[in-house]
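Since the structure of chain F is provided, determine the placement of chain X on it from the hints.
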Amino acid sequence: MAIDNGKVMELLGGKFAEAVVESQEFRGDLTVVVALDKLHEVLRFLHDDDTLHYDHLSDVVGIDRLPRKPRFEVVYVLHSMDDFRRLIVKVMVGEGEEVPTATDIWNSANWPEREVFDMFGVAFAGHPDLRRIFMWDDFDGHPLRKDFPLRGKDFDKRWDPDQIQVL
Amino acid sequence: MAEGKLLTINMGPHHPATHGVLRLVLELDGETIVKVTPHIGHLHRGIEKIAESMNYQQVIPLTDRFDYTAATLNNLGYCTAVEKLLGIEVPKRAQYIRVIMSELARIMGHHLWIGSHALDIGAMTVVFYAFRDREMIMNMTEEVSGYRLTPSYLRIGGVARDITPDFVKFLRDFIKWFPTAVAGYNTLLTDNIIWRQRTMDIGVISREDAINYGLTGPSLRGSGVAYDLRKAMPYSSYDDFDFQIPVGEKGDVYDRYLVRMEEFLQSLKIIEQALENLPEGPVNVDNPWITNPDLGAVQEDISALIRRFKIQCQGPEVPVGEVYHAVEGSKGELGFYLVGDGTEHPYRMKVRSPCFILVSALEKMMLGHMIADAIAIIGSIDIVLGEIDR
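Chains F and X, in that order, are what the protein sequence lines are.
Count the first sequence with this note's numbering and you get residues 1 to 167, in order.
Count the second sequence with this note's numbering and you get residues 168 to 557, in order.
Bear in mind the hints are in silico, worked out from the structure with no lab data behind them.
Where hints are given, some of them may not hold.
Here are the simulated lysine-lysine pairs, DSS-like style, with alpha carbons at most 25 Å apart [said to hold, decoys possible]:
id, chain 1, residue 1, chain 2, residue 2
1, F, K7, X, K398
2, X, K216, F, K69
3, X, K436, X, K202
4, F, K153, X, K216
5, F, K7, X, K251
6, F, K146, X, K216
7, X, K398, X, K259
8, X, K436, X, K259
9, X, K172, X, K202
Take a look, some chain F residues computed to stay more than 12 Å from chain X by CB distance [as the list claims (entries may be wrong)]:
id, residue
10, K7
11, M9
12, G13
13, E18
14, F26
15, H47
16, E73
17, R86
18, E97
19, R158
Even glycine gets a Cβ: it sits at the ideal position worked out from N, Cα and C.
The following block holds chain F by itself, in its conformation from the complex (with noise of 0.2 Å):
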């Protein structure tokens, strides 16, 4: 059975009218924004319910927003292996605010929540490795910042050996 669009901001709206921040349609996409506080909540119903059932997590997104606040964005694509429905929840988290990790409800956030932390430096509370992932460890910034410089922070220095040191 097929579920459009309303059906499904009908279910998710009737459970969760107040965590329920905005909603819009785009190109056929529904993208639904929820409060952070209610946000772990919220997807953990996405998954149970047996109606809505999106089981396959496919990208976590992050999207810096820099004078805008909240600053950043953290956006959930989910899908359905039901009947083939994509729906997009996202999510405004401020500098320093830490978002609760759907890691547990979904295998497949493991890395994008940790690519997410490397290049935003937004953290994810209860997340079991939330290491760097692209960068090194003592690399000093996070680069998909907008304030970010595009060639990077050390692009003018020069490489001196006597510095190198062998661990």
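Using the frame of chain F, we list chain X on its own:
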């Protein structure tokens, strides 16, 4: 070794069987794997950051560098995502040409997979046959786009140029030849007792786990889930073609192997239908602010000159909005999350790389197996590090 003591070994990043620069830290109890920690990022080029300073047309060559074994599929994913954001429809002929080139790219990707996968496990002959046929596709790609490995053939709103009669001739020869070639790969591997013993019941992942760990593409279909974006959410006219989605049963290395072997023939079937039913017409969308005017018009018409200059320098301006669009790459769901802010630069481009998620599920598949099986499992999920590290 003493009872209960674990041995930690480092595999990679320069290990021929890790298909690039993947580093795995394996903890072993005897020869049995008890813990796997993948380390990635050795090939990180910051493509998502670079894309933010470029215009939409300029990003296309960057996307070739994700999964460089099947580059046109990345172009397709990116271009269809931008077109979704712009809200434009590409002409039917361009869609069919895109399908032909993408399916050729998928076959190319699978060629590299079967060659290296068999080589890792010890069957050396297959790689020579696979690369012989891969060479044919590369020649065809060169004929139509001018490049062999990273063609950047697609454009926003269409393709770079129409296909040539020589290309059609090469393609017809290839369609005639390729089933024989696939039968050859099958003879070498499918009933080979050594191959079966090395791959059957290795790296099993159940249907539920495969979905929960985010697997997509042939790795997910090997576990019995018939999820193929070409059928599930058709794009670029894939709903016009008649083809099957092969699925496995157990979700072991052998099932994933069989799924990909069948995909060779299904891709060929799609190419055949697209070539036979190729409609006439333009290969670019009829929109003056997206499609370049041709050089003849530029010589004669000042407004065409200005438009060409503007399109080359700025590219299309996209509306404010956010879209997620995914296509079926040769490794799985290749998604692009694009944020447009009304200017000519993408505000944010996030790539949902199938291999990135597949590597994160490696531990689930590897635990309890021997170290030699780790090689078979890495080969079976078909990873490309250019796509993982981006």
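For each hint, the structure was consulted:
1. Between F/K7 and X/K398 the alpha-carbon distance is near 23 Å, which keeps this suggested pair within the 25 Å criterion.
2. Of the supplied pair hints, the one linking X/K216 and F/K69 holds, its CA atoms being roughly 22 Å apart against a limit of 25 Å.
3. For the hint linking X/K436 to X/K202, the alpha-carbon distance of about 42 Å lies beyond 25 Å, and the restraint is violated.
4. At most 25 Å may separate the alpha-carbon atoms for a hinted pair to count; F/K153 and X/K216 meet this at roughly 14 Å.
5. With a CA separation close to 23 Å, the supplied pair F/K7 and X/K251 stays within the 25 Å bound.
6. The suggested pairing of F/K146 with X/K216 holds, with an alpha-carbon distance near 9 Å, which does not exceed 25 Å.
7. With a C-alpha separation of about 18 Å, the suggested pair X/K398 and X/K259 falls inside the 25 Å cut-off, and the hint holds.
8. For the hint pairing X/K436 with X/K259, the CA-to-CA distance comes to about 19 Å; that is within 25 Å, so the pair holds.
9. Proposed proximity of X/K172 and X/K202 is supported: the alpha carbons are some 13 Å apart, at most 25 Å.
10. Every beta carbon of chain X lies more than 12 Å from that of F/K7, the smallest distance being close to 18 Å; the non-interface claim holds.
11. Every C-beta of chain X lies more than 12 Å from that of F/M9, the closest at about 18 Å, which supports listing it as non-interface.
12. Once the 12 Å rule is applied to beta carbons, F/G13 is consistent with being away from chain X; the minimum gap is 21 Å.
13. The beta carbon of F/E18 sits about 24 Å from the closest Cβ of chain X, which is more than 12 Å, so the claim that it is off the interface holds.
14. With 12 Å as the threshold on Cβ separation, the claim that F/F26 sits away from chain X is violated: the shortest Cβ distance comes to roughly 5 Å.
15. The claim that F/H47 lies off the interface is violated: its Cβ sits roughly 9 Å from the closest Cβ of chain X, which falls inside the 12 Å cut-off.
16. Look at F/E73: its CB is around 9 Å from the nearest CB on chain X, not clear of 12 Å, so calling it non-interface is violated.
17. Residue placement check: F/R86 does not keep its beta carbon more than 12 Å from all beta carbons of chain X (closest about 7 Å).
18. Non-interface call for F/E97 relative to chain X: holds, since the shortest CB-CB distance, roughly 19 Å, exceeds 12 Å.
19. For F/R158, the non-interface assignment is confirmed: its Cβ lies about 21 Å from the closest Cβ of chain X, beyond the 12 Å cut-off.
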